[in-house]
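K.L.:
The lines below spell out each chain.
Number of protein chains: 2
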Amino acid sequence: MSDTSEFNEHISFIQSQTNKGLSKIPLNPNLTQYFYDPIAYVLKGKGKRLRPVLVHLSGQAFKAHPDELMKAGIAVELLHNFSLVHDDIMDNDSKRHGLPSVHSKWDTSTAILAGDGLFIISQLSLIGLKPIVSQRFNEIALEVCEGQGIDKQFENDNSITMEQYIVMIGKKTASFLGVCAEIGSLLGIATEDESAKMFQFGFNLGLAFQIKDDLLEIYGDEKKMGKSLGSDVDENKQTVLTILAREQDSKKWSQFIQDDKSLQDYKNYFSTNKIQSKAEKLVENYVNKARKSLDSLSQEKSKFLYQYSNLIMKRNF
Amino acid sequence: MSDTSEFNEHISFIQSQTNKGLSKIPLNPNLTQYFYDPIAYVLKGKGKRLRPVLVHLSGQAFKAHPDELMKAGIAVELLHNFSLVHDDIMDNDSKRHGLPSVHSKWDTSTAILAGDGLFIISQLSLIGLKPIVSQRFNEIALEVCEGQGIDKQFENDNSITMEQYIVMIGKKTASFLGVCAEIGSLLGIATEDESAKMFQFGFNLGLAFQIKDDLLEIYGDEKKMGKSLGSDVDENKQTVLTILAREQDSKKWSQFIQDDKSLQDYKNYFSTNKIQSKAEKLVENYVNKARKSLDSLSQEKSKFLYQYSNLIMKRNF
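Chain order of the listed sequences is D and S. Taking the working numbering, the leading residue of the first sequence gets 1, the next gets one more, and so forth. Taking the working numbering, the leading residue of the second sequence gets 1, the next gets one more, and so forth.
The hints are simulated quantities; they were obtained by calculation from the structure and are not laboratory data. A couple of the hints might just be wrong.
It does not matter which identical chain is meant; a pair holds if it fits inside one copy or across any two.
Claimed, not checked - Once the Cα atoms are required to be at most 25 angstroms apart in a straight line, the calculated DMTMM-like pairs of lysine to aspartate or glutamate come out as:
#1 Lys105 with Asp93
#2 Lys251 with Asp295
#3 Lys252 with Asp221
#4 Lys314 with Glu222
#5 Lys303 with Asp232
#6 Lys20 with Glu247
#7 Lys44 with Glu139
#8 Lys130 with Asp67
#9 Lys71 with Asp295
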């Protein structure tokens, strides 16, 4: 079996085990449809479970117990879904994983409460693990919210620099992947230095992941992405492409966005002005930086983590 | 010093220590005003800190360590404020503790994120305490959300029975006071039976508390309550008064509410039909039931808890 097919089989297994775990979460149906129906709807969604996969791959490298990794993997997936449900309200996103988002299928109140529930269940999934796991999990959950706050703050602010953007996605996206890799190692036998390196691995991958996300928001396949594209740029959110475009030639860019543009217009602008290729280069750089954190690990430990970084770089969903 | 003034002094001390603790929570101002300003605003609010007070009184009865009680007290107060911020959005409440609620001062997105932040910080406040504390805290947080879901589900449903109403407030309000009393004991030296009794003490007090709340919603002093009164009845929420009125004479009640009524109309209806006194009797019954859970404790242990139950029964805020 080739390395790639072995890896693919391995992560498929983690994904299906995670889905099984999610489906076993007890949702008390008695009198509480308002609360639990939307939660069940979210848990059946077609996420790629990339965060639990990273917990498992990192944990396996450090010989963590599979049951503990499963608990932590479920927790990070729930945390992720909590933030999606609430962010979709805040960002007016009507689709998620190819289906109506919770607030558009039901309403805002339902979605607020469903998100809260997902978050609480994530905490319950951590019970019994080392306290440091719960601590790091919640420290990073706070950073994710800080990042979302900064993201909202940045809307319509055309003075945001690339440096500020990196701070924002560092908190909102990268620290989350960082803590997934870190938690895996914390549940195994890892030195402090190794756990710090695992955080850095996930963190840099997370920066690459978000920049790739901004690219896919313009160049992705709507079907594979399961959401309507171009909405971030339309809502005047700061993305890597708009910042690169502005930093390259702010006059030309502000003239271009003066009136409504189609997705194709954006594609053309970012391609002909080499913004797209610059952003792709950034993705590559951050993935390479992430891989440096694996240098001190044995080949056996790092093999799947290395392949995971490939997955992030090449994803088209 | 009389028993009452000793008690009042004691809970004032707990309240001021709790406020001090809340004011020390590090709120990172760098780039994150969108996220932290509303959180700071909430923490400066004029809550009575009744939940931390219960944690401390119970914990002191069981010789828990003050520092641990402070952590747990801060956590329950944060959890409480998280649920207020989100519930105010869901229930369209524009005032809280005499000030604009977060979503009406800022907007819905800001309030969602602020609530999320309060909840995450509550989890961080529990780090280092026994795992059972975090477990019970989150189990009950889930019940609180279930209760809020049931409450939303019950809106406009005029078939809700008193029994169903008790289930709803049991989850939404009573279990929370229950867990405050339970956590105090868990942090001290208590048998399983004693902790279960402390939960029952808080739980029954919580039922009394919510029924009293429904009464104050009609008969309270708007200034002391710090919110506009009558909104629950106007929004066609199920309260103990509307259910008692319906169960007493559903035809008369449905005729009465056919057209818009003033707060004074409601007051008159509930008084002349003895609904008010029935509800007050219920408060007394649940407080007495709560006090039964104190029977097996020594007088020294139960003294302040008994006085706390007086406070709940007689509160006018």
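K.L.:
Next, verify each hint and record whether it holds.
P.N.:
Results for each hint:
1. Lys105 with Asp93: Both: 11 angstroms inside a copy, 24 angstroms across copies.
2. Lys251 with Asp295: Cα proximity of Lys251 and Asp295: none, with 43 angstroms in one copy and 78 angstroms across.
3. Lys252 with Asp221: Classified as neither: same-chain Cα gap 28 angstroms, cross-chain 61 angstroms, threshold 25 angstroms.
4. Lys314 with Glu222: Classified as within: same-chain Cα gap 17 angstroms, cross-chain 60 angstroms, threshold 25 angstroms.
5. Lys303 with Asp232: For Lys303 and Asp232, neither the intra-copy (35 angstroms) nor the inter-copy (59 angstroms) Cα distance is at most 25 angstroms.
6. Lys20 with Glu247: Neither: 46 angstroms inside a copy, 46 angstroms across copies.
7. Lys44 with Glu139: between (27 angstroms within a copy, 23 angstroms between copies)
8. Lys130 with Asp67: Both. Shortest intra-copy (13 angstroms) and inter-copy (21 angstroms) distances satisfy the 25 angstroms Cα cut-off.
9. Lys71 with Asp295: For Lys71 and Asp295, neither the intra-copy (28 angstroms) nor the inter-copy (41 angstroms) Cα distance is at most 25 angstroms.
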